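Just so you know, the protein sequences line up as chains A and B, in that order. If you count by the working numbering, then the first sequence holds residues 309 to 451, one letter each, in order. If you count by the working numbering, then the second sequence holds residues 3 to 301, one letter each, in order.
Note that these hints are calculated values from the structure, not bench results. Just so we're clear, the structure is a prediction, and the values are computed from it rather than from any experiment. Please note that a few of the clues may not be correct.
[Claimed, not checked] Output of the computed footprint for chain B on chain A, the stretches with three or more beta carbons under 8 Å from beta carbons of chain B:
id, region
1, 384-394
2, 406-414
[Said to hold, decoys possible] Computed list of chain B residues with no C-beta within reach of chain A, every gap over 12 Å:
id, residue
3, Ile64
4, Asn172
5, Val301
Think of the CB as a built atom: it goes at the ideal place given N, C-alpha and C, for glycine as much as any other residue.
Spelled out, the chains give:
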Amino acid sequence: MSENTSQQFNFELVSSEEKLVSEPAWQVTIPGEEGTFGVRAGHSSLVSSIRPGIVEIVSAQGNTPSKIFIAGGFADVTATNCTILAEEAMKLEDLDQGDIEQEISSLSSNLDNAKDDVEKIRLTRQLTLAKAKLTAITGQLAA
Amino acid sequence: MPSLKDYRDRIASVKSTKKITSAMKMVAASKLKKAQSQAEASQPYARAMAEMLERVAAGVTITDASPKLLIGTGSEQRHLLVVVTSDRGLCGGFNGNLVRLARIEINRLLSEGKEVQIITVGRKARDLLKREHGSKIIKNFTGIGGSSRVSFAEANQVTEMVLDQFEAGNFDVCSLIYNNFKSVMTQEPKAQQIIPFSLTDTIRANDNDAPEVLASPYAFEPEENEILGLLLPKNLGVQLFRALLDSAAGEQAARMTAMDNATRNAGEKIDGLTLVYNRARQAAITKELIEIISGAEAV
Numbered sequence: 309m310s311e312n313t314s315q316q317f318n319f320e321l322v323s324s325e326e327k328l329v330s331e332p333a334w335q336v337t338i339p340g341e342e343g344t345f346g347v348r349a350g351h352s353s354l355v356s357s358i359r360p361g362i363v364e365i366v367s368a369q370g371n372t373p374s375k376i377f378i379a380g381g382f383a384d385v386t387a388t389n390c391t392i393l394a395e396e397a398m399k400l401e402d403l404d405q406g407d408i409e410q411e412i413s414s415l416s417s418n419l420d421n422a423k424d425d426v427e428k429i430r431l432t433r434q435l436t437l438a439k440a441k442l443t444a445i446t447g448q449l450a451a
Numbered sequence: 003m004p005s006l007k008d009y010r011d012r013i014a015s016v017k018s019t020k021k022i023t024s025a026m027k028m029v030a031a032s033k034l035k036k037a038q039s040q041a042e043a044s045q046p047y048a049r050a051m052a053e054m055l056e057r058v059a060a061g062v063t064i065t066d067a068s069p070k071l072l073i074g075t076g077s078e079q080r081h082l083l084v085v086v087t088s089d090r091g092l093c094g095g096f097n098g099n100l101v102r103l104a105r106i107e108i109n110r111l112l113s114e115g116k117e118v119q120i121i122t123v124g125r126k127a128r129d130l131l132k133r134e135h136g137s138k139i140i141k142n143f144t145g146i147g148g149s150s151r152v153s154f155a156e157a158n159q160v161t162e163m164v165l166d167q168f169e170a171g172n173f174d175v176c177s178l179i180y181n182n183f184k185s186v187m188t189q190e191p192k193a194q195q196i197i198p199f200s201l202t203d204t205i206r207a208n209d210n211d212a213p214e215v216l217a218s219p220y221a222f223e224p225e226e227n228e229i230l231g232l233l234l235p236k237n238l239g240v241q242l243f244r245a246l247l248d249s250a251a252g253e254q255a256a257r258m259t260a261m262d263n264a265t266r267n268a269g270e271k272i273d274g275l276t277l278v279y280n281r282a283r284q285a286a287i288t289k290e291l292i293e294i295i296s297g298a299e300a301v
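Looking at chain A on its own, in the form it has when it is part of the complex (with noise of 0.2 Å):
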């Protein structure tokens, strides 16, 4: 393992329909399946799940990190590389809070007046996401 500390490695972030961000970064935090974890050039090789989460991506050491909300998907890590397959991913700064709030309270609303069980079970994947996406925002647990 190099003992140079500034190296980057080779970012990707993928989802199911484009290439969202291709660029080289020296540091990415990302919350894995069982437990959040950080990548830099020279990791050792792993392969993971990701749960609904935000990554960090800092471009070079020092640099303010940028974040994007993934909704789940995979990680796969090299010495070299580091690949994300995201289901869903959208810039933080995107998200609205005020926006999602109000997904979150129809959501839950459209949930109880949910008759078939297919119905249900496509609402509350939703609001899982919807509750996942607002923890991102503020940071803490939503109710």
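Following the hints, complete the assembly by docking chain B onto the known chain A.
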């Protein structure tokens, strides 16, 4: 004998048909471009997924605890076929060829004494299979890619349906029958088994960009079989999405070719009709002249 006006009307009608077919050709060409760029945009994900699966597969030991999507149910008795066509016609042999392959597959399975269920994607698949195999169709999806663009969410509806049926234990083997987009000129109907999943097939499908397998040992979080259980349904979604994209691009390509031919035929028809029309017109003029001359001679 048709009058001159009849000829004029026929020429006008063929001309307006030609206008329609050439407009459809141009619309199809622009939709094809969109569909192709979308198919390209979805490539990185599919490739990354294949790479990841390969890595996990290299590290996993297949046991009875492995996901059923990989090892199967232990039986091959009940088959589910997902037949992907377009919603609309006027695209040459695109749907006909595909449904022909589907029929061959169905009849082969039935003759081997297997049970067959069908999920159809696209109105044409349902319409063309309804008479013969209507009772086997358990679900029909229409309107996918209707807004000129196949979204992953739409593809996911089909994926979820397939997975739900699998988890409910309603079938053992699932195959996908779709039009593989080879080029603008050729779309090839293709049958591909998606459950139980064959790792080598996916890797071969991505062969042109064969990922280098790294010798370094991988760590898995959570452990291999579990992550495989999470990856495989996602991969199924990717495969279905890709098939739908291929089919959407193929449909537009087939329509473009069909409409190009139709436009050319209409042009030839107009030329032929114009020739006949002119001949008839000249014959009428000649006849009139003869009448005048012979009338004058008689005086």
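Outcome of the hint check:
1. 384-394: Held - the region 384-394 of chain A has 5 residues with a Cβ nearer than 8 Å to chain B, which meets the minimum of three.
2. 406-414: violated (count 0)
3. Ile64: Per Cβ check, Ile64(B) is outside 12 Å of chain A; nearest 17 Å; holds.
4. Asn172: holds, 16 Å
5. Val301: holds, 87 Å
Comparing the model with each earlier hint shows a violation of hint 2 alone; every other hint is respected.
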